[in-house]
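Chains as they are written, first to last, in the working numbering: chain L, 1 to 217; chain W, 1001 to 1742; chain B, 2001 to 2473; chain F, 3001 to 3333.
Simulated from the structure, these hints should not be mistaken for laboratory data. Keep in mind that a hint or two might mislead.
[Unchecked claim] On the chain B side, residues computed to face chain F include the following (Cβ under 10 Å):
id : residue
1  : Val2061
2  : Ala2062
3  : Met2131
4  : Trp2132
5  : Pro2153
6  : Leu2419
For each residue, glycine too, the CB sits at the ideal point set by N, CA and C.
These are the residues of each chain, in order.
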Amino acid sequence: MSHGYLFLSGPVGSSGAVVPHHRSSRYFLMALAALVLGFFLAMSSAWADDGAGVPNAVPPKGEHEGKNVEQPIEFPHNIHVDVNKINCMYCHTYARRSKVAGIPPTSKCMGCHLVIATDKPRIKKLTEYWEKKEPPRWKKVHDVPDFVHFTHEKHLKRFVFDNEGMSVDRVSEVCAFCHGEVKKMTVAHKVKPLNMGFCARCHEANKGPFDCWKCHK
Amino acid sequence: MSGNDINRRDFLKILGWSGVGVAVAGCDRPTTVTLEEGKEEVVAYLQPEEYVIPGVGVWFASTCQQCPAGCGVHGRVREGRVLKMEGNPDSPINKGKLCQMGQAGVQGHYNPDRLKKPMLRKGGALAEVSWEEALAALEQKVGPASGLAGDRFAWFTGTVSGHQSVLLSAHLAAMGSKNHFIHETINNAVARAVNQDMLGEAMPRYDLPAAKMVLSFGADLVGAGTSPVHFSGEYAKFRTGATRGVLVQVEPKMTLTGGSADLWVAIRPGTEGVLALGIANQVLLGDEIKVAGLPENIRTLIAAYDVKKVASITGVTGDRIMRIAELLKQRSPSLVVAGASVEGHTHGYQSAAAIMVLNIVLGNVGKTILPSGSSAFPQMEAKTGGTRDLLALADAADKKALDVVFFHGANPVYTAPAALGLTDKLKNIPFKVVFAVHPDETAMSADLVLPILSAHEDWGTHMGAYQPEQKSISIQQPLMERLYPDTKGFGDLLLALLKARQVKEYESFADYYGYLKNAFAALPASVKGDAVSDEDFWGKSLQKGVLNVGTVAGALNPKMVEISFPEFKSDAQDYYLVPSARLGLWDGRHANLPWLQEAPDQISKVVWTSWVEMHPATAAKLGVKEGDFVKVSSAQGAVEAQVYVYKGIHPQVIAVPMGQGHEEYGRYAKGRGVNPLKILAPVTDAKTGELALYGTRVTVAQSGRREVLVKLMGSETQLGRKMVGTVTASVFDRTEGAKNVT
Amino acid sequence: MKYVNEKDINEEIKWAQINTDILQSLQNPRKAYWIAIAVCLAMLSCAVVAEVYQYQTGLGVADLNRPHMWGLYIATFIFWIGMSHSGTLLSAILHIIHADWRKPIYRFAEAMTTFSLMTAGFFPMLHLGRMWNLYWVIPYVSDRGIWPNFRSPLVWDAFAITTYLTSSALFLFIGMIPDLAICRDNVTGWRKKLYTVLSLGWQGTDRQWRHFRKTYMLMACFLIPLAVSVHSIVSSDFAMSIMPGWHVTSFPPYFVAGALYSGCAAIITLFILLRYFFRLEEYMTVALMEKTCKLTFAIAMVWTYLNLVEFGATWYGHDPVAKEVLISKFVGPFAPYFWAMMFFGSVLPFALAFEKLRRHMPTMMIVSILLNVGMWLERWMIVGPTLSHAYAPEAWNFLWPSIVQWAIVFGSFGWFGLLFLIFVKVFPCVSMYEVKEMVFHRRREAHAEVAEKFHRRAADVQQATGRPSVEGA
Amino acid sequence: MSLNNILTNWSRYRKGAEEGGFHEYEHQWGMVVDLNKCIGCNACSVACYAENNLPVVGEKRCGKNQAMNWLRIERYWDEPDLEPYNATPSANIDAWIEGNPPAKKTELKPSMPSSYLPGLLEEGGQNFEQRVGFGGTKSEFQDFGASFLPMMCQQCHAATCEPVCPVAATYHTPDGLNAQVYNRCIGSRYCSNNCPYRLRYFNFWSYYEDAWPEPLHMQLNPDLSVRDKGVMEKCTFCIQRIRVAKDKAKMEDRKVIDGEFSTACVQTCPTGALVFGDMQNPDSQVSKLWSYHQVERGKTKQSKQNKELRGYRVLEGLNTDPSVLYLERVREV
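So that you can see chain L by itself, here it is in the shape it has in the complex:
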């Protein structure tokens, strides 16, 4: 007997083992083959490298239809990142030294906006907060459950700082793995599922740790 019959991977019928007796069972087998093949195709495409330019990395696969979240100030990521080419870690400064990336403190915003674009309505709103000595209450968009330990610093270390051929200027491409193309958004919008399968597939593809206790707490 060949393995062909069992796994449908070898050349079907090469050993002559698969000789359907009835029309119906032939259709059934074909359908089954199509299903299994389709499944593997789907899986392999899910694991395939989509060719993102980050060296030594396989970006995670998965899509998510996120909600539009109304923030206290409609912060334009696109202007800051895409137009002004500000590095993500300039504002999300804790990302490289803590598990959380952090929302920039209001003083950081004011560092520039004391002088820049002070006439824009969004900046006026910001200045209001600053003068009231009250930080804006941002809404959380990207979140993992409380039983999950996720640390930004080690992911940045792996994909940016310790990654040969990768420069810190391009950090936004690594951020995009999980946060999507934030530079095309105003306020952040969740486009990746950030669930266990999403994490696990990436860990497998990039040979990350696979111990449950690495992430579950």
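Given the coordinates of chain L, work out where chains W, B and F should sit on it, guided by the hints.
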């Protein structure tokens, strides 16, 4: 975990600014939070501080205020919340370690039943008022305009030390009053008196590691004692030294220290002094040289207590007395210490003195009992007390000698025996002000309650009641922003009280923080070490948490005192009541901390309630078993609790632990168990006037009710399974002993 | 010896009569039936209320605690799994060894198997702390790439029970097809539609019978090892553990014997009930009762023997901890229940050894119920004492189950009863076609016997007279 | 844990165990408890409550044995190894399980005190354990004090809890710990039933609903979850602290230094009776103590050269291969 290299300068200011972000960030609960976008809020600091990184815990040094020992602690702070206490390795008292009470300090801070607003008695009931109203009431009664001065005013506190003590004394002086009552139920006041009289120093230093044997008469060194964490560390050294130390514990009811003894001896309560003399008698047998060195009266006294007589009085068998004496002779130097069970009798002073005689006979003074010396700042050293001041307060109140009393750090309404009638007598004091964190019994019977900051929110300096080789000041700094806006720091209030009386001297200090900073700047250069500026010194001090202030050497001058014992009669049907202290609930001040309620008593393993300990023989005589309710009655009252039976207690003793039986004090303490202090007889030690805590006689009767005693222990024997293996000390000395294993 | 020639069944009974007698059990129910249904529903609702409460509040309401992580739930689970072995025994084992006396009584036993499995299956589910995640026990390709732990006996349980449930339900159904066709041809209304669908176009053709027999035999052969393995696997929940009193190699046969035992006892109970309420005295005869009782007695003795083997092995073994568990059963807090179990399980079955008692239906009714009480206690005595007195002395304690546990256990009987009551009104509880077969064979045998008798007698006469007898000619 | 992981790790482990232990650990966290120093003061236990978000369950639930003390101090009144004032070791369970009664003993006594049987009979079972209470000593008094035993999860290498979990919520980590993944747990409680030490604790109630009334909940450690009802939990050797230390070491491209961090119980222990560290690091304090006491992993019975050394592991004879070494209590006789 080691992020202690952080200098926290303007901590309060920062927190004050970014307070909004603090409460929200990082408090997770599972299943109740959502992952859905936009449902949770995330708030950043308005202005970042370089050492505050969200998601990273930072450790700040402070001082534990759970008992008078004054251990140095590190508090873990994350996103502005204090999460966990650890010992401060720089503290000479606890050397990086902490006991369960210190661990539970955060629960006192976050306690849901804390006092949040000032309360003023209006028409018989306490009502919440604003600070303005509260301070106005205070001003009216004690302000300069009230005309109050002199001894009609008093402070009633627990142990106080540091700048708090300095300000308190200053306030008393400003009021012109000498009345500072200091009350601690768990104390060693009698032993201190004996030490003062016989050695010239109230609290000498015990060098446990130097001792080859410790003979403890009811001294709970590692438990509810002077400095539990310190002595636990010393105990470990004592047990692992070149010669493993031997611990013999003689007491009527097993304490935590007794649980670790090599030999535990049950003794008839109150006869410890006799046993000490009996042992001295055995030690001196045939030792003419030593005998010759003793004064005549002591020699005759010791000679009078031969083994046979001592055995019949104490109930300790003769061969055991001889064995202890034998061990003491072999193992020199040794250390003999007296504890609560010795002190708590009408002749407590005599017994403690007899025990000190044994120390002198054994030549321990100067070898294991060392002078503790003094520091350059005597005004900051701990002022501790006992129960005498409790009686004094009752007496003064009874005589209507007091108009205004300020209470802080003590809960006399709870700890006073019912026989003192304190609750009624306090009604004679027209205005009672309580500075408290929690709604204890005293606060609830006060006329004005001022909610103060918890130990984790307030500034302060402290000196431990027991100072090891290095005298040190331990700094207390806030570990987080105040939880409740309507609470004030005790130091700030003291300063405000002083400003009301002596504007000139104190007006330059904006608050207690400023006062402390100023006081630190004024410290002599020898203390400041290599600090380049006052600001640098302040920063370094806060970072380290402990300030070594140097020791002025002292000396011990042993001298004898007259010792005489009452006649010990063979006892009748009634029992001695032992109101035992336990490391955990302490004198009841920690009954509102759920962790400590749920942490089982170390000996009986009972949780959350009170129990009555008795010997199997006693239980058999009474016809009761574990779980039966019994009524323990003295002439002053009765308590009812469940029986716990074991062999670590003298058959003539009934032990009921202190700590429970609160009538107030929040949800975790209120209405739970019984308070044995309430049924104590109002008898005192003849010499010192301290309450004789162990001097009450009780009868015990079955009450017929029976429930399973809630304890976290199934079988109390190992059933032959090697759960705890045991080897003899000779084996230990052979295999490890002096060898430094790691 | 009085009844030595008693017949299992009256072989002269007419086939048409069989149909009439048995189909009358499908007639519209009387009041008593509705009362029974109401009682079962009431019992079930106790369990539902308790379970909802437990689900919402947590397992604490069951008073489970640290050493006693499992309580009555697992004990009752084993009990119901055990009960399920009756049907397989009667229908499959007795089928392949051609014990044709099983035929009038196997159908309801087979139904019992299915329903007790359906009851048993609930317990491992509702004893879970987070039963909404139950499906994690099933191996499926998940996004997360995680699998159940195939080393865990609980996963084996899940496989074994679902397989057994499917197989026995299928077996019950297949065995019913010819009867369903009879029903179809004799009823009207909604029943007609139901039976038409369920009888799968059965016409009783030769080809159909040939396939039917083959399938039925195959299923029987498949079910026997399955039944044995199911209870062996359930026993490995305990035997695979390290706990004293559980870590016993004799557990699989012990469990299987106990299972057959409780199954047989339950058959006696239901036998009597059906015989009485459906007036099936002609089919469920006293002779069959006798046979069932004897079988039960034999199994009871096997069970007793295995029990003693276990005690002996522990008593003389080198494991003092297991011995202590045993002692705690003998004299500890569990002693009353343990000795009740020993009495009901090993002493009471001797009632089955007495012909007079065996033939007295009320007695048997009580005895059979008590036997099952004993078997339920046995399961509790397996779960409870070990948890109470295992290795860690600190965790020694005794647990009395809370009302919630009792309510759920109680309700499970209501659930079982409900299913069974519905079954007996919707499906024939005696296999008509097989009784016909039995009657046919018995009659042929009887006729053959008569003929043989005649021939023998003729031979005798011939011997005596030297010539063939006149009558025999 | 993927299917592949289960299969490969298992076979690797099985092989390793026979050859004296699984050697491919990254770290190997271990502990030593010196009963000579332990005074039974409970500091470790309360520290554990503070660190690990353990709920306080209250008197009623404590009475039902539903307390969540991950680290408990057991207190026994007897001394099986030493008779009062007479050092004759009695049989220990390890030897019994292997079928070899210790040679020193003259007779194999049942392992229960003599008061056991009458106690059981007398009370008809209710509260019979309490009758065992003072069967520890033949003397009138508790002459040799109490025997304290801090018990936290023993992090067994041949853990009995691991293979029985139907969903692999408990498994062995590459660090040699018994992990408990709370969110994977379905609450079958099989692991706790199969733990000979009874060191696994189950959330019988939604404790979080009432264990931390506001603002007590602000004390909760955000580094680990608060468990809801239906989940098994146990001592993790403070995995959140291990995680922080390992992350920090990794960020700094170095190895974890011995003593750099320790578990909450070890850090607070006033007598220093508890020692924690990495046993893969031969210079760590734990490694040194294990080797000094000649206790090896992967063994059910130690073949010590010096039989007098104090190291033992609780119920070692069950082949659980625990990571916690206990040093016997010492008593002057």
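Are any of the numbered hints broken by this structure? If so, which, sorted upward? 6
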